[in-house]
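Protein chains: 2
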Amino acid sequence: MTRLEEVLAEAAKLVEPTEPERSRVSEVAVKLLSACRQEFLGREGVVDVTIEGSVAKDTWVRGREEVDVFVHFTPSAGRERLESTILSLGPRVIAGMGGRHWLRYASHPYVEGAVEGIRVNIVGCFKTEHGRWISAVDRTHHHTEFVRSQITPQLRRDIRLFKGFLMGCGLYGAEIRVEGFSGYLSELLVISHGGFVELLKSASKWRIPAFVDLTGKVRREDALRLFPNAALIFPDPVDPSRNVAAAVSKTRLAELILASKLFLRDPSIEYFMPEAVKPCQGEEWRGTHELFGVIFRVEERPPDILWGEIKHTMKGVSRRLVKEGFQVYRAAAAQSGDEVLLLFELSSLSLPPLELRIGPPVWMDNAIDFARKTLTREDRAAGPWVEGERLYALFRRKHVNVDELLREWIGRGEVAISRELVDSLREAEILTSRSGLIDRIRQNEGFRIFLKNFLDGAATPIRHLAKRC
Amino acid sequence: MTRLEEVLAEAAKLVEPTEPERSRVSEVAVKLLSACRQEFLGREGVVDVTIEGSVAKDTWVRGREEVDVFVHFTPSAGRERLESTILSLGPRVIAGMGGRHWLRYASHPYVEGAVEGIRVNIVGCFKTEHGRWISAVDRTHHHTEFVRSQITPQLRRDIRLFKGFLMGCGLYGAEIRVEGFSGYLSELLVISHGGFVELLKSASKWRIPAFVDLTGKVRREDALRLFPNAALIFPDPVDPSRNVAAAVSKTRLAELILASKLFLRDPSIEYFMPEAVKPCQGEEWRGTHELFGVIFRVEERPPDILWGEIKHTMKGVSRRLVKEGFQVYRAAAAQSGDEVLLLFELSSLSLPPLELRIGPPVWMDNAIDFARKTLTREDRAAGPWVEGERLYALFRRKHVNVDELLREWIGRGEVAISRELVDSLREAEILTSRSGLIDRIRQNEGFRIFLKNFLDGAATPIRHLAKRC
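Chains as they are written, first to last, in the working numbering: chain U, 3 to 471; chain C, 3 to 471.
Hints listed in this document are in silico derivations from the structure and should not be mistaken for laboratory results. Any given hint could turn out to be false.
[Unchecked claim] Selected chain U positions facing chain C (in silico; Cβ < 10 Å): (1) Met-3; (2) His-291; (3) Glu-357; (4) Arg-374.
[Claimed, not checked] The calculated EDC-like cross-link candidates involving lysine to aspartate or glutamate, where the alpha carbons are at most 16 Å apart (straight line), are: (5) U:Lys-203 with U:Glu-7; (6) C:Lys-454 with C:Glu-277; (7) C:Lys-252 with U:Glu-389; (8) U:Lys-252 with C:Glu-389; (9) C:Lys-469 with C:Asp-458; (10) U:Lys-207 with C:Glu-357; (11) U:Lys-317 with C:Glu-277; (12) U:Lys-203 with C:Asp-367; (13) C:Lys-203 with U:Glu-12; (14) U:Lys-313 with U:Glu-181; (15) C:Lys-317 with U:Glu-7; (16) C:Lys-325 with C:Glu-357.
[As the list claims (entries may be wrong)] With beta-carbon atoms standing in for the labels, derived distance ranges: (17) C:Asp-441 with U:Gly-413: 42 to 48 Å; (18) U:Asp-441 with C:Lys-400: 50 to 56 Å; (19) C:Asp-371 with U:Ala-138: 40 to 46 Å; (20) C:Arg-221 with U:Lys-207: 49 to 55 Å; (21) U:Gln-445 with C:Pro-281: 58 to 64 Å; (22) U:Arg-359 with C:Gly-284: 25 to 31 Å; (23) C:Glu-286 with U:Pro-305: 56 to 62 Å; (24) U:Glu-380 with C:Asp-371: 37 to 43 Å.
Treat the numbers as computed from the prediction; the structure is a model and nothing was measured. Cβ coordinates follow ideal geometry from the N, Cα and C atoms, glycine included.
Kindly produce the complete structure, drawing on both the sequences and the hints.
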């Protein structure tokens, strides 16, 4: 047995559900299906109730079981009826089984809950003609059917390996927080390559944008035109006009390419094991990281909505910092409880005392205005002079510290922050001292782990490599 | 009389030589010509001796008189005979007139000196067929003839005004130190536009590259192809394949455009008056300029050679600083006596403690090498992480101060310095503290004036504007 085969055999044990887990899942699935049928069938517009997702396909990873029940409505029922039916009856079903439910997603109506310790979702969809999809989840049943029609026992094992690999490398999940690989995309990738190792061999040679087509009908050039911003393009076999990999960011795809290379070169079980990171104690902060943190409270909201806002705000702050002259080495965000932490590493937490202002070329009409205004300004430090065809001048800055500047921008609306977070940001704590940041972060276990990872800064696949260096 | 006419009338008094000056110049010119004829005519290869330059054309600016005598050799005499004849007999002529001589230029053989307080040059050239030029100054006699054939009393006045304007704005002179407008170019510009005001009106609307043609035979597109890097193109009427304005830098041309706009908008005599800048006392250094100076000794050399080296070195240091991560706001050089000062203004005199290193894209073969090497380096501060398709990492810097770094680069030959200045640079003083710089610069009057100008930082034409703000 080669080293690779040994590792895969070991990994298979990590990702294959145990027999007790299988029975527990199937018992809950059967009971939930039957309870849903009882509750929904016969209601106006409801035409079917089915099990979908990884349980229906038998592709879930050990310990990650999740039962999805889909309630199918006839298109004429309309969105409102679908929504009201799901949101009123879904919780009742879960409660009737002694479970609890906690989230009603706003973007698409579904109910999330737990029954006997297993995550369950009750989702409403329309049973439409092929291609005449109404809601975002109307294709799901066809996805299930497609995967079932293609799968073999070997592929099933390899799908679980690939999902486990993605989890171990921090790449699993299409949610906005992760921007990684969905379950369905993982299944299609393994199916299209005929196996886990074949997929990794191929992925290790990808360039971005990458293109994989299972239908054999889509040309690469057409796909690139159709999805110009996608890092990875995988036309949905159920609907080739849709990119299954739309949620995958360039960074996550690059991390998969890197992880594939690293794993194939030196296979190791660690790539299948999500790290247990110890919370930051403070002493990991060696040397001279110039970090500043922004901590604010948020109200409970569907994660994809909240994370859309968080990422938009983080990018907005970064862009504003760069525009002002800061060099932003990196930025990251964490959510823990009702608190969000944005963490930025800069080359320096303060700007130089003087600012270089680039004026117009001398041949522009406003060149003389620029010269005249500069000369009369109190904060002029030098200039204007001519260099090449342009005017330049140096001005004294009023504020140089990042925290003062950020406060000012937020107060004046001069930084792109999600509208929903503006109030939170106005109240935010802005921490720039090492001791201040560490003391504050100590109060939140989730942030301590996040800070530890941030300080180390290595991508997850590279941390696996580090252990073997 | 309009304001413009008043100013021009006043300026004319500044630039027109007085009668006593005219007689003095003519007397020296006649005596020098006759002495040169006596000494050179009859020597092997010598065919003629003439007066050239601004005295021959009667276009010199008051107080800037300079008598140029050209000794014409037949082409068959050869460069060596020309050189040896000029360098041996030229000084003898000047000495015979009770004058003194001080420089023998290496690039082209000529003798510079002073007779009765007037600068004189004795230059050797070849009398060739038109277009079959051998040395760089063989066209000069034809230039003189051309200007004489075109000039009128009004143009003569306007040429003097334009030269005075260039001098008052720091733009006169084709030497490498200035990179401005030669006397011949100034004459052609006025002739081609029919006058000083007409020229300024046109210049105030120029875009760079600018193109002026007196021959009417050169098309703009052809000129741009022929002189792709020129800021200003003026085909020589004596030889249209040569650009008379080749020495004019983009910055100097832009300053002329700006000065023309400023002067026409608000005419003032100051534009014709070179400033008398008071030396820096120290208190002009307000606020927080982050300056560093490099002072080194140089041996006496023809200015164009020395200044070529100085500028090359200054640019080399700037480029190296930028490459290392410094932001160079501006750089300038001064020579005073046998000392040269390079002065740089940076956003900061030290680099951030950590350095962002941009690694390869993950799909490159060396991506794993980069990751592996980074992980094992002692100066790793964070990473490598993936952002987009590339790897990044943060490293601790060993040196952060500009003076230590520059010393190191000079020592290791890691900065582009003119070969002839390497030894001087190794011995250079590198001054970074405000008090250190001011104390050192106090010792050299030329540097004190230069520093004062540098701190103010306004281009000369803009300083004229400042007085009127």
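Going down the list of hints, with the structure as the test:
1. For U:Met-3, the interface hint is violated, the least distance from its beta-carbon to any beta-carbon of chain C being 25 Å, above 10 Å.
2. Nearest Cβ of chain C to the Cβ of U:His-291: about 7 Å, under the 10 Å cut. The hint holds.
3. About 8 Å separates the beta-carbon of U:Glu-357 from the nearest beta-carbon of chain C, less than 10 Å, and the hint is met.
4. Nearest Cβ of chain C to the Cβ of U:Arg-374: about 6 Å, under the 10 Å cut. The hint holds.
5. With a C-alpha separation of about 15 Å, the suggested pairing of U:Lys-203 with U:Glu-7 holds against the 16 Å cut-off.
6. The straight-line distance between the Cα atoms of C:Lys-454 and C:Glu-277 is roughly 12 Å, inside the 16 Å bound, and the hint therefore holds.
7. Only pairs whose Cα atoms come within 16 Å are accepted, and C:Lys-252 paired with U:Glu-389 is accepted, the gap being roughly 8 Å.
8. Proposed proximity of U:Lys-252 and C:Glu-389 is supported: the alpha carbons are some 8 Å apart, at most 16 Å.
9. Restraint check for C:Lys-469 and C:Asp-458: the C-alpha separation of about 13 Å stays at or below 16 Å, so the hint holds.
10. Straight-line distance between C-alpha atoms of U:Lys-207 and C:Glu-357 comes to about 30 Å, which puts the hinted pair past the 16 Å bound.
11. For the given pair, U:Lys-317 sits about 50 Å from C:Glu-277 by alpha-carbon distance, which is inconsistent with the 16 Å threshold.
12. Under the criterion of a C-alpha separation no larger than 16 Å, the hint pairing U:Lys-203 with C:Asp-367 is consistent with the structure, at around 14 Å.
13. With a C-alpha separation of about 84 Å, the suggested pair C:Lys-203 and U:Glu-12 falls outside the 16 Å cut-off, and the hint is violated.
14. Proximity of U:Lys-313 to U:Glu-181 is assessed by CA-CA distance (about 11 Å); at most 16 Å being required, the pair is judged to hold.
15. This hinted pair does not check out: C:Lys-317 and U:Glu-7 have alpha carbons roughly 59 Å apart, beyond 16 Å.
16. Between C:Lys-325 and C:Glu-357 the alpha-carbon distance is near 12 Å, which keeps this suggested pair within the 16 Å criterion.
17. For C:Asp-441 and U:Gly-413, the hinted distance range of 42 to 48 Å is satisfied, since their beta carbons lie about 45 Å from each other.
18. At roughly 31 Å, the beta-carbon separation of U:Asp-441 and C:Lys-400 lies outside the given 50 to 56 Å, and the hint is violated.
19. A hinted range of 40 to 46 Å for the beta carbons of C:Asp-371 and U:Ala-138 is consistent with their spacing of about 43 Å.
20. Between C:Arg-221 and U:Lys-207 the beta carbons are some 53 Å apart, a value that agrees with the proposed interval 49 to 55 Å.
21. Range check, U:Gln-445 to C:Pro-281: Cβ separation about 60 Å, and the 58 to 64 Å hint holds.
22. Hint check: U:Arg-359 to C:Gly-284, Cβ distance near 26 Å, so the stated range 25 to 31 Å holds.
23. Roughly 59 Å separates the CB atoms of C:Glu-286 and U:Pro-305, a value that falls within the hinted 56 to 62 Å.
24. At about 54 Å, the beta-carbon gap between U:Glu-380 and C:Asp-371 misses the expected band of 37 to 43 Å.
When each numbered hint is compared with the structure, violations occur for hints 1, 10, 11, 13, 15, 18, 24.
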